[in-house]
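Protein sequence lines correspond, in order, to chains P and R.
For the working numbering, count along the first sequence from 1 and bump the result up by 1.
For the working numbering, count along the second sequence from 1 and bump the result up by 1114.
Quick caveat, the hints were computed from the structure, so don't treat them as lab data.
Backbone N, C-alpha and C define an ideal beta-carbon position, used for all residues, glycine too.
Accuracy of the hints is not assured; some may be wrong.
Between beta-carbon pairs, the in silico distance windows are [unchecked claim]:
#1 R/1179 x P/395: 29 to 35 Å
#2 P/407 x R/1223: 30 to 36 Å
#3 P/376 x R/1171: 36 to 42 Å
#4 P/148 x R/1172: 52 to 58 Å
#5 R/1223 x P/403: 22 to 28 Å
#6 P/381 x R/1172: 42 to 48 Å
#7 P/170 x R/1204: 41 to 47 Å
Incomplete in silico selection of chain P near chain R, CB under 7 Å [to be verified]:
#8 101
#9 338
#10 351
Far from chain R, some chain P residues (derived; all Cβ distances over 12 Å) [unchecked claim]:
#11 33
#12 108
#13 109
#14 112
#15 121
#16 141
#17 178
#18 182
#19 343
#20 375
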Amino acid sequence: MDGDWDELARIPFPPPGVHRLPTPVTTMTFDTAQELLWAGNEYGRVTSFHGSKLQRYTSFKAHTAADGPDAPVRQILVNDKGVIVLGRKDLHMALRRGPPIWHIRHGDMKDLQCMSFTSKGAAEIIAAGQQNTMLVVDLNKGEVVKQVPTEHHYSIMRRARYICAATATGTVNLLDPVTFAVVKTWNAHSALINNMDAQHDFIVTCGYSLRQGQAYVLDPFLNVFDIKKMSSMPPIPFPAGAAFVRMHPRMLTTSIVVSQSGQMHVVDLMNPNTSNVRQANVMTYLNMFEIAPSGEAIALTDPECFIHLWGSQSKVHFVDLPGHIDVAPEEEPHPPMDWSLDTPLSSIGMPYYREVLASAWPENVCDVGAPPVKFDPQFLASLTPTDSYLYGRNSRGLRRNQVEYTRDLEKNANAGLKAPKFLSEKARESSQSATGTSDDKAD
Amino acid sequence: ELASHLSREVENGRIARLMMKLMAINERYEFNGEQAWSENGDKYILKLFRDYAFHQVDRDGNPVLDIGHMIRCLNKMDVGIEEKVNLTSRDGQTTFIISYRELKKMLISAFGELQTGKT
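Just chain R, same shape as in the assembly:
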């Protein structure tokens, strides 16, 4: 009973930790105006990934709240697989094709910068 309960919840902590990293990085006001966070910087892409994973919409532009999609995206980023995603900016002008491996690398380096206070 206990073991089955444990196995059900064992992934939660990992997902929460990954999401906390992403939340700690995204939209930090202190970084407004810095090149790496502006529209041609690498951290801009982490913002677009957040939109991709959590701000899905349907054909009519209504929010789609698919927890399965969110967890899949997070799992793929957590591992850093070679699969590529198409990330598009809100105005539709910017389109990147990027692998989860590259996204993972960006997340780790951005979080590292927060830790050392060097940005």
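One chain only, chain P, in its complex shape:
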């Protein structure tokens, strides 16, 4: 963290509705391809913020009220195609621009908490939580491809050489990213793990111990595990109480540790005595911390529902080669036109095209000449008249807007009297059974 790092932006996280109180961020992540920060709320909503001013970009609902009022966004991952959003009981994938790609709800999704990419790069994830099944999902197909039973319930997952999965009891399991078998269990903290990161050869954790069997207290150190040697390293002291930690994405042995009160230390795991200290201005305490893939920006959140962005004013960027951000162009103004009855609708030209138009209807046979529906006098009598119409219950035994074949009715009514028929009418009658079941294809 260079000397010129400072708070660059502090924005209120949008409340869940116009007249609603703001709610804190439930999870956030920096995009890996664009200058975006993704944040989720308690109501299943995901919002993206662009650039060093954190301007609101897109927003969509990943989990709906059908999941119950409690449908928080648990974790967000990004890959080249879009964003993957984990809820308790469902998984949603959307384009960065907002439109959905797919949505999965599965019987074995009971209380998901975390997910991680697997051995297949960013094309597959494994999701786990407070449940006895982990689900492997193919992100290209949007399908659950495997269910893996597990004895452990996981709350945080991070992908390094192994999938590092934190349990609710303070241990970290190293899972094989191909078979998902537990390779090694590491007892990181005595009570529980508050935050964890993993990169290449290291796992770093912040956690709690139970003091006098009463209160959970943040441990005044950072725990480190060396994946190469498969053993823990001496803890790195952090007297202020280590609450959050991230490995620096560029400096492979460097981590950034943050206390709840906003003290930030940049520590080299191999040389813990040299550290760089900064203080974030927080009114109460911090409840989340993330670092951008470039290492040139960090984001913090607080319970007052603000997102703070830190970085160097002159060179802040989230990713090294940011992709183009799609925005909608302003509709070009068009000359005022007099839309009287004489103006043909074709005055507005069509864009150039070579494919079949969306307006192309399928070829299907429709009966347009049938007489209108005759209402049963009994039904009409059941209605209450007003000045201009009748109203009452639908007591006709038909669905709302149900199609009625009035030609048949007419025929029955006039059974004794055969009116002469046009040839076309006869032909249509003979093919009537076909019209009812016509199933022509579109285009």
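On the provided structure of chain P, position chain R as indicated by the hints.
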């Protein structure tokens, strides 16, 4: 005389057919509660497009009835051009940026589902 009359009205049928497709899909009561039509489903976006094309308002929130805008939107969707639009939900909470090409694809697939009775 006849030819000029014809050329004036020749686009009407196409616009009417496209609008009928849109009307046949939007707000179908049978689909209430289905995921694809709920706020995170792809058909929700067709509803937002209807609002975008036909429910324009001015700065003060008064309706704007610009037939030119409506026809332009329909024409662009009919062709499915790459141009993108910003669709926003009524509560202002949801914002999508989507191309007319994607909208066209959604319309065709939603209409196809109506035809086959599979939703």
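Taking the shortest Cβ-to-Cβ distance between residue 182 of chain P and chain R, state whether it exceeds 12 Å. Check passes; 34 Å lies beyond 12 Å.
Minimum Cβ-Cβ distance from residue 375 of chain P to chain R exceeds 12 Å: holds (26 Å)
Status of the stated non-contact between residue 343 of chain P and chain R (beta carbon gap over 12 Å): violated (8 Å)
Just double-check residue 33 of chain P for me: nearest Cβ-Cβ distance to chain R has to come out over 12 Å. holds (19 Å)
Taking 42 to 48 Å as the hint, is the beta-carbon distance of residue 381 of chain P and residue 1172 of chain R inside that range? Hint holds: Cβ distance 45 Å, inside 42 to 48 Å.
Closest CB of chain R to the CB of residue 141 of chain P still more than 12 Å away: holds (17 Å)
Looking only at beta-carbon atoms, does the pair residue 407 of chain P, residue 1223 of chain R fall within the given range of 30 to 36 Å? holds (33 Å)
With 12 Å as the threshold, tell me whether residue 178 of chain P passes as away from chain R on beta-carbon distances. Residue 178 of chain P clear of chain R: closest Cβ-Cβ about 29 Å, beyond 12 Å.
Evaluation of the interface hint that places residue 101 of chain P against chain R, nearest CB under 7 Å: This hint holds: residue 101 of chain P lies near chain R, its Cβ roughly 5 Å from the closest one there, short of 7 Å.
If I take the minimum Cβ distance from residue 121 of chain P to any residue of chain R, is it greater than 12 Å? Holds, since 26 Å exceeds 12 Å.
Range hint 36 to 42 Å (beta carbons of residue 376 of chain P and residue 1171 of chain R) holds or violated: Holds - the Cβ-Cβ distance for residue 376 of chain P and residue 1171 of chain R, about 40 Å, lies within 36 to 42 Å.
With 12 Å as the threshold, tell me whether residue 109 of chain P passes as away from chain R on beta-carbon distances. holds (18 Å)
Hint 19 from the list above is the single one not met by this structure.
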